[in-house]
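Visitor: Letter by letter, the chains look like this.
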Amino acid sequence: MTIPDLLYRVMLTIYRNYWKFPKHTQLNSVNDACNKVIKPDLLNLPIKPENLQCIALQKGKRVSPNLTCHWDPGEHAPDSNTSYILYAQYSYKKLANNLTVDLGSFPIYMETKVWVEVKNELGSVNSTELLAHAECFVKPNPPSNVMLIPEANFSMSLIVNWTHSFYLKLKYNIRYCQAGSSVWNEVPQSATESYIESFRLQFLQPYTDYVVQMRCINQKGIGYWSDWSPNATARTPEASEMFINVLYVLYDMRANDLCFYFMSQDPVKSNGKILGYNITVEENGVSAERHVVHSKEHQLHIKGEKMFIRMTAHNSAGVSPVASLVVPRSSQEQVRWSVRDGQLWVDWLPPSGSKWLLRVFEYVLEWVSVPEGKRDCRKSWPKKKCQLIQSPLRGPSVEATETQKTVFHLKWEEIPVTSQRGFLTNYTIFYKTGDNEQCKRNWLSPTKCYFTACAYTYLIKTMIKNHFWPHIPNPSHSTIANWSPDCPTRLPDLSIMEVGMFDGKSLCEEDKTVLPLKKDKYFSEEHSSGIGGSSCMSSPRQSVSDNDEGDSCQTTASTMQYSSVVASGYKGQTPSLQAPVFARSESTQPLLESEEHPEHLLEGSRHWTSGQGIEQQQMQEGKSSYNSLNFCPVAKKKYTPTLTEDPPGLTPCYMPQQSGH
Amino acid sequence: MNGHARNMLWQAHRTQPTAMVLLTLILLAMNEFGNGTAQCIEKSCSKNLHKGIKLSKFVKRATAELIKTYQAAQGNFAEQFCTMSMDSMPSSTLWGSSPAERLQSAYIRLTELLPHVTMVLQQQSDLNPYLGSLLSDLARLVIHGRHLALRLSCILQKLQPNVALPEPAVGPTALLPPQNIFQQKVYGCAVLTRVQKLTLLTARELKSLRGQCTDKT
Chain D
1 MTIPDLLYRV MLTIYRNYWK FPKHTQLNSV NDACNKVIKP DLLNLPIKPE
51 NLQCIALQKG KRVSPNLTCH WDPGEHAPDS NTSYILYAQY SYKKLANNLT
101 VDLGSFPIYM ETKVWVEVKN ELGSVNSTEL LAHAECFVKP NPPSNVMLIP
151 EANFSMSLIV NWTHSFYLKL KYNIRYCQAG SSVWNEVPQS ATESYIESFR
201 LQFLQPYTDY VVQMRCINQK GIGYWSDWSP NATARTPEAS EMFINVLYVL
251 YDMRANDLCF YFMSQDPVKS NGKILGYNIT VEENGVSAER HVVHSKEHQL
301 HIKGEKMFIR MTAHNSAGVS PVASLVVPRS SQEQVRWSVR DGQLWVDWLP
351 PSGSKWLLRV FEYVLEWVSV PEGKRDCRKS WPKKKCQLIQ SPLRGPSVEA
401 TETQKTVFHL KWEEIPVTSQ RGFLTNYTIF YKTGDNEQCK RNWLSPTKCY
451 FTACAYTYLI KTMIKNHFWP HIPNPSHSTI ANWSPDCPTR LPDLSIMEVG
501 MFDGKSLCEE DKTVLPLKKD KYFSEEHSSG IGGSSCMSSP RQSVSDNDEG
551 DSCQTTASTM QYSSVVASGY KGQTPSLQAP VFARSESTQP LLESEEHPEH
601 LLEGSRHWTS GQGIEQQQMQ EGKSSYNSLN FCPVAKKKYT PTLTEDPPGL
651 TPCYMPQQSG H
Chain P
1 MNGHARNMLW QAHRTQPTAM VLLTLILLAM NEFGNGTAQC IEKSCSKNLH
51 KGIKLSKFVK RATAELIKTY QAAQGNFAEQ FCTMSMDSMP SSTLWGSSPA
101 ERLQSAYIRL TELLPHVTMV LQQQSDLNPY LGSLLSDLAR LVIHGRHLAL
151 RLSCILQKLQ PNVALPEPAV GPTALLPPQN IFQQKVYGCA VLTRVQKLTL
201 LTARELKSLR GQCTDKT
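Going line by line, the protein sequences match chains D and P. So that you can map any letter, position 583 of the first sequence is 583 in the numbering used here, and since no number is skipped, the others follow by simple counting. So that you can map any letter, position 87 of the second sequence is 87 in the numbering used here, and since no number is skipped, the others follow by simple counting.
Isolated chain P, as found in the complex (with noise of 0.2 Å):
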């Protein structure tokens, strides 16, 4: 990783397998999802699009206890850094004129926080390897944040079955100015924040959407 601060006391004491072989599954999730091989296994637009709502509810729920989570973990002043805004990382809202356009949006913003979340987990491993709890919760979003970009494009394709899915940015924390400690407790806080405010705004553009599949499966 680049530019970011490390705790050096923690560094030599390093033994954080579980975080290890997460953020491994994690990239690896990433690269296949960045290869363009994933492939929605239900065909039926009204069944994704109902899994797609559950998802996005679920991924909210789960965001808004990690924040509570992570907050714990800073310490001293959390719920300031959470009220601290960032202008390094895209932002929650969506655009578009039609139902379709709006979601498709809300999967770029997807595809893009979530290596944000990556880079949270990443840096807050090396502030504190033995968080434990919160490395994994971090771990899992990215996971449930995958699967729900998945869902997204599996419901574009039968919405819009010839209109190509945007490619997602390659690399988008690769232009993160370094942080120190403080910065770096508030940048995460403020990519879940954000996270959650996509994940509410994802599963009302699915809402309305529910009359627009016509298939009856």
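With the rest of the complex left out, here is chain D (with noise of 0.2 Å):
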């Protein structure tokens, strides 16, 4: 045989055996194969399957005889004319079957040789053998009558019983959690590799719902773990040790008493189901009262300076320890509050004595909401401060009433506490005449003040000035009065009070007498400010206008008075019988006295001279002195009560003798 013949034969053979040929083929060279052959369906051949794996389930206490595998076919489907055949032998003897072998009973600690073999028309094909013990396909029910048991006076323990239920020996795997929770705890697996039944759960929440589940696997680690069993449940027992959190201390400042209200924990984190409380109350070192509550909230009304609480609480296994709480009233020592930065600072001190010296875990500060009625509060560890309040958000509206020439009043209502944002320590009050800011006081929350412009420095002026020269009525405060023989009407004798911030007490006697204008009706220390003062810069005029109202005057001596023109005649009129009395205007221009009362104006001068000084010396010598006196035009607009305008006499109304001073 040549080479190429065998090489024919080889070829053939191979052609055969892998290539499809019409029947009856008759093959007499290698040139007939290549041209009478069939393209062979390659792609069709089948697939060696891969990664073949095999699992036998428990079956009561057995093993299934019923060996299932499964592997990896290939690439592309297998066409309807492959074939899967399943081989296991645990001896030589093939049994075949389909995907799942049955194998009678299963060779429990015989090897165990499993293969597929795939075929089809075109071939076949066999996977990898699996070889292995029969045990190592084994894969166990979970782990029977799993029960979850707790015990009495162990809150923090439960024991796991379970059945075994498999001629195997097996290991165990348990794992637990909260009930709700998704996170489990396992056991260690070393803890339960011995052929057990049971199992201590340890350092467990008392008073809780667990939940436990298990699972298991031959002894030797070989084989498949079982599914988890079903969840089994139980709640741990209450303890004794119970935890009381929450206390709320409510100080109800329109009572200006004490409310302490508190609420429990949820029963969960008390350990136990919270049968009551008890609570002993101490005043001021005594022990005042006790109480037993069985609700969730209780409130208490307490009077004392300083309080000592104490509760328990107990349930079923016992009492839990004392809780307590140190109250001591609020005093201005105690706790202080600023303002700063527009914000309010709450300090506080710690309480203070030796009954008082415990260890104090945190503050509770607690503020209102007035309008609003709500509670709140923040705690605070260790700080002592709390800044809890910002700027008002708006001033109040301003309105002027009672308005007279250089006197008017501003009533205004306090903003609303939504706005006050805090506690309102002051008012300010801006005023100017024109452009320029003349003046500002500071109030303490009045709703309305009297607005005299500095009183107090007017009369240092008023002094000075009456002193040194005597005082021109503005003829701007004249009004046209009745001027007919008719009218026998007498001035009467006026004299203005001088109004302001002092009542002339602060003065001598001396210095009284001087005073031309004296006015005690407006005089009223209720609209003194208590803090701040007056930073009036200028001096305020006298007002003469208040006799209307019929205060009379004191006419005395140290009073200017007013001068009444004797009655004459008139032409053109008949006289009365009586001397008619001519009035001139109203006006505070004051007559000379050496013109019609020269006992006044003689007495006019010895108060002057009492009083002093060069300007007296003038008036005595005569009217000249007052006739180079100059007066100050006094603005004859009419005066409107605002803020921003200067009120009349405001600004000096005399000037300076150029001469004699």
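Fair warning: there could be bad hints in the mix.
Selected chain D positions facing chain P (in silico; Cβ < 7 Å) [unchecked claim]:
(1) Asp102
(2) Ser105
(3) Pro107
(4) Tyr109
(5) Met110
Just so you know, these hints were derived from the structure itself, not from any lab. C-beta atoms are modelled at their ideal positions from N, C-alpha and C, and glycine is treated no differently.
Given two chains presented individually in distinct reference frames, assemble the corresponding complex, making use of the accompanying hints.
Guide: As structure tokens, this is what we get:
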């Protein structure tokens, strides 16, 4: 046989075995094979199964004889003519079946060889043989009758019980979690490797529901883990160590007593179902009262300065430790507040005294929204300051009332509490004449004030002025009165009392006589500012119009008097039987007393003389000295009570004499 | 089967396919084993020894449970059945001066007893085809017993490669005399008791051979 013949035969064999040929094909040469061959369907050759894996499930107390295997069939799906045969041999005998091999009786402790043959019309191929001891294919059932058992007096422990249900020795795996939680805690497998039927879970939470699951595997660790068992649930017993965490203390500002209000924790964290609370209150060192409460909330009214509240809870397991609360009443020394940078700061001191020397855990600062009635609080430890409040949102709307020539009243309403954003300390009033701000005054939380623009300062200036030169009435303050003989009205003697921040007591008695005008009617200490002071710089004008109220000013010799004109005949009129009294205008301009009442003038001069000073001498010398005084024109525009407009008379209305002073 | 009483009452209603399938498998297993075509897949002496110990203990436990099941299925006076002895079956004693010889005797005893277990299966199936778990347990015992026998033969081949294993006797149950029902009940418990004892002795012998294997695999 030549080599080409041998090659031909080999090729022919190959072709016949793997390639399709029409029936009864006569192949005489290689060329015939090449020409007559039907193109082989190489893509449909069976693909060797890979990754063969088998499993046998537990059935009853034994292993099921059914051995189920699966494998990777390859990249492309087989056609309909492809079949798979699973072989399992634990001796040499082939036991043919399909995907599941019934071994009759599971060959425990016997070596088992498994492979898959894939066959179609083009050929067959076997998978890699899977050789293992039969128990390597075993998957047991989950442990049966798993129970979770609580024990009395063991609040942090539960016992897990289960039953062996397999003829193979197994080891177990336990996991547990709190009911409702998705986080499992797993018991180390080393703790459950032996062939046991119970295990104790420890370091659990008292009075808590737990869920446990178990699984098992061959004690040698070979084969498959079982599925997790169904949930077993139980609750740990109650513990006597309960936790009372929440204590709310409400200070009822309206009633001015302490309202102690408490609310208990959730039972889950209280280590048991709390059956009741015992509350003992010590007021000012004396045990006052004891309360037994069976509800979760309670309220007590306490009026002591210092209170020591003790509280215990009890459940079926016992009594909790004592929880204590120290409540010192806030006093000016202990709790202080201040405003800084538009915020309210609260400072306090820790409780003092031996009895109160307890370890303070935290402070609770509470405040209330007055209009809304809402209470809020903040815990602060270890800080002793707390800022709560901000600057007010807006100022009040102001209304001027009781407007007078140089005096007006301002009235305003307190802004809403929601706009206050804190506690108002004072009001500041700004006013000006024209474009110049002349004055501002601080007032402590009144809703009105009398505004005289620095009466005290004016008084000082008035004193100086009156000492040196007499007061010249302002003609702008004149009004036309009756000029008729028929009106024998005598102008009453008027005297205007000066009104100011002082009542004249600060002056010596001699000085009091200098007072040309005094009007105690407007003098009111109630309008005094307790905080702040007047920053007025100008001197007010005196008011002379207050006589309309019927007050009679004192017409003592210390006051200036107005003249009364003695009536004489008048052309065209028939003189009355009585000598008419002609009144000049109601002017603030006093007549010279030398014209009318020499004695008065003399007294006035004496008065002036007593006042000392050059001014008085000038008065005695004659009226020429008066004529040298200049009048300050008073603004004739009507005064309107606004803060922006200067009231009349605020500007100095005299000018110092050029001579003689 | 020859010479044993049958429960004629149940014979008309016999529909025990499971038991018959198991019996067929047992017969096939016996034929395979008898043909000597069984092969030892595990080549390691120590591993064979280890698995032999496991299997012998397993069969012992299974037999102990089977005895309880058997007694429960026999009705009244069942406990007395297992206290009676019978001479129509092989004993469970071992012979030989060396562990290998004793192991060989264990192999022979086992192969002699397993047909009797099959007989018990058939008798019980005739007495009560609806016994269910007893019949299947008996069938499994036969299969596992065969497995143990194969394991012992593999071990002996490793320990004594030049010593031919004796062939088991053909049809040992053919010499059994006819038995009434009572005798069958006693016979069945006696067979199971001897199998249990034999597997216990086998496990001990195998444990004593742990140092005998020279391979380390």
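Visitor: Now look at each hint and say whether the structure bears it out.
Guide: Going through the hints against the structure:
no.	hint	verdict
1	Asp102	violated, 10 Å
2	Ser105	holds, 4 Å
3	Pro107	holds, 6 Å
4	Tyr109	holds, 4 Å
5	Met110	holds, 5 Å
In summary, the structure is inconsistent with hint 1 from the numbered list given earlier, while agreeing with all the others.
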